[in-house]
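Colleague: Full structure from sequences and hints, please.
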Amino acid sequence: MSDGATPKIAVRGLEKSFGPKRVLDGLDIDCAVGESLVIIGGSGTGKSVLIKCILGLLHPEAGSIRIDGAETVGMPRGDRTRLMQKFGMLFQGSALFDSLRVWENVAFGLIQGRGMERAKAREIALIKLAAVGLGAEVGELHPAELSGGMQKRVALARAIAAEPEIIFFDEPTTGLDPIMADVINDLIVTLVRQLGATAVSITHDMVSARKIADRIAMLHKGKIIWQGPTSEIDDSNNPFVDQFVNGHAEGPIQMEVRAL
Amino acid sequence: MLTFLASVGAAFFAFLAATGRLVRFALMGLAAALSPPFYPRLILRQIVAMGYYSLPVVGLTAIFTGMVLALQSYTGFARFNAESAVATVVVLSVTRELGPVIAGLMVAGRVGAAMAAEIGTMRVTDQIDALTTLSTDPFRYLVLPRLLAGLVTLPLLVVVADVIGVFGGYVVGTMKLGFNAASYLTQTETYLERMDVISGLVKAGVFGFIVALMGCYHGYHSRGGAEGVGQATTHAVVSASILILLSNYLLTTAFFGK
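So the protein lines, in turn, are chains A and B. By my numbering, the letter at position 83 of the first sequence is numbered 83, and the numbering carries on one by one without gaps. By my numbering, the letter at position 133 of the second sequence is numbered 133, and the numbering carries on one by one without gaps.
Quick caveat, the hints were computed from the structure, so don't treat them as lab data. By construction, the Cβ of each residue, glycine as well, lies at the ideal position given by its N, Cα and C atoms. Accuracy of the hints is not assured; some may be wrong.
Over 12 Å on every C-beta distance to chain B, these chain A residues come out as not near it, computed from the model [claimed, not checked]:
{"#": "1", "residue": "E35"}
{"#": "2", "residue": "G42"}
{"#": "3", "residue": "D98"}
{"#": "4", "residue": "G135"}
{"#": "5", "residue": "D170"}
{"#": "6", "residue": "I179"}
{"#": "7", "residue": "L187"}
{"#": "8", "residue": "V189"}
{"#": "9", "residue": "R193"}
{"#": "10", "residue": "R215"}
{"#": "11", "residue": "S231"}
{"#": "12", "residue": "G251"}
{"#": "13", "residue": "M255"}
Which chain A residues face chain B? A few, computed with CB under 8 Å, are given here [said to hold, decoys possible]:
{"#": "14", "residue": "L57"}
{"#": "15", "residue": "M84"}
{"#": "16", "residue": "Q85"}
{"#": "17", "residue": "A95"}
{"#": "18", "residue": "Q112"}
Modeller: The structure is reproduced here in structure tokens:
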């Protein structure tokens, strides 16, 4: 960091393979306190794997992940559970618990993770639902009764319910119509600012990336090949970034397509 | 020849690795019982799902098993004039073997499959990862309540299955085969020992644990969407059924072997 402060998240030399396929290949990246970092890259380039490694859901083969300067790779289960209280996560498919009502989903981390009384947790859940534009009546429904956009908003409310220090967004706008995608983007920007949280998002939606990012990094073949402020994404002078941002089939990133 | 030996060796090591993973999974589930938080409501919910809702299927299979057993042993024993042993054979067979084994297999098909499907769906839809990110240990929240419910519930079901199975034999014995009701009950009571019932209940506890463990293990490790969940469900039922029959032999040897 230019000011010498400890990064909120510091990843060094991260390696992760699945069988013979090396997904992360010595990846380095930092995220400063209160920063909104968006990682872009094509499908299957390891964006979700990176987030899951930081969250401890996957175990890297090599490398270091520091949160607030403390090493988290190889952390014991008990310490990891406590560390999780710093995190919030919005999953790509929302990952709502379909056996629980909406408010119970939002309050889950408060009740089960932090031992809060159900009545108090319900109050907080309804406040968070209101913050994402959903009324108290929605809280009594089950996730299967909601549209995709509403599910995403519930998942967002769940991610911020415990007011985490770091929030991860995995493809927050995938599968949504452009208007609902913009609503989600606005909510992310507003809520992250209100909480003063650090945000790490992964997406291949450039509209979303431009809207929610302070800084953008591009992941390709297991490494960060470019990073910089959002305002510089169009002048990166990086052919990989240019191809991705402009959505061209021709360029250095080759998709393996076989002729019929 | 070397290729054959290599493949046998590879299969053996794969078996050892799978056994190790399963034992580790079970220990991680049980270790969650040693420290808070505990989820008594979840345990109760699993006991109801596993026990109460399995009563009809276990009861039906138990009564027909007892009835068939009475009929078969009567026709068999009639060949050497030992018809009077029917009541004894029914009660010993049901309490020692058929009650726990049939209840175990029925619960494996009904509950083990449901556990694998539920946890498998949670796995492939990231709900288990979501639990972790919400500071909730999936072993504590999902696995332990099911293991404890399996351990507790199947013995209770087997008590019911024993009673209904013996009643099935009594109905056939007295109404179809012409036994005197009082002498049938006397025969049943005279030769039944406490150990017969206890061994059946111990077996039931082991079978219940196996059913829950297989459901949780295969569900937890399911991959690849609907197909993966389907495979997990099949594996849970098949492996639980095989382990029930295998452990039944080992437990019978331990209790009654010479």
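Colleague: Next step is simple, just say for each hint if it's right about the structure.
Modeller: Checked hints:
1. E35: E35/A clear of chain B: closest Cβ-Cβ about 20 Å, beyond 12 Å.
2. G42: holds, 21 Å
3. D98: violated, 8 Å
4. G135: With a cut-off of 12 Å, G135/A remains clear of chain B, as the shortest Cβ separation is near 23 Å.
5. D170: Non-interface label fails for D170/A: nearest chain B Cβ at 9 Å, not farther than 12 Å.
6. I179: I179/A clear of chain B: closest Cβ-Cβ about 25 Å, beyond 12 Å.
7. L187: With a cut-off of 12 Å, L187/A remains clear of chain B, as the shortest Cβ separation is near 19 Å.
8. V189: Non-interface label on V189/A holds, nearest chain B Cβ at 21 Å vs cutoff 12 Å.
9. R193: holds, 22 Å
10. R215: holds, 23 Å
11. S231: Holds: least Cβ distance 32 Å, greater than 12 Å.
12. G251: holds, 32 Å
13. M255: holds, 23 Å
14. L57: At about 5 Å, which falls below the 8 Å cut-off, the nearest Cβ of chain B leaves the hint on L57/A intact, so it holds.
15. M84: holds, 4 Å
16. Q85: holds, 5 Å
17. A95: holds, 4 Å
18. Q112: holds, 5 Å
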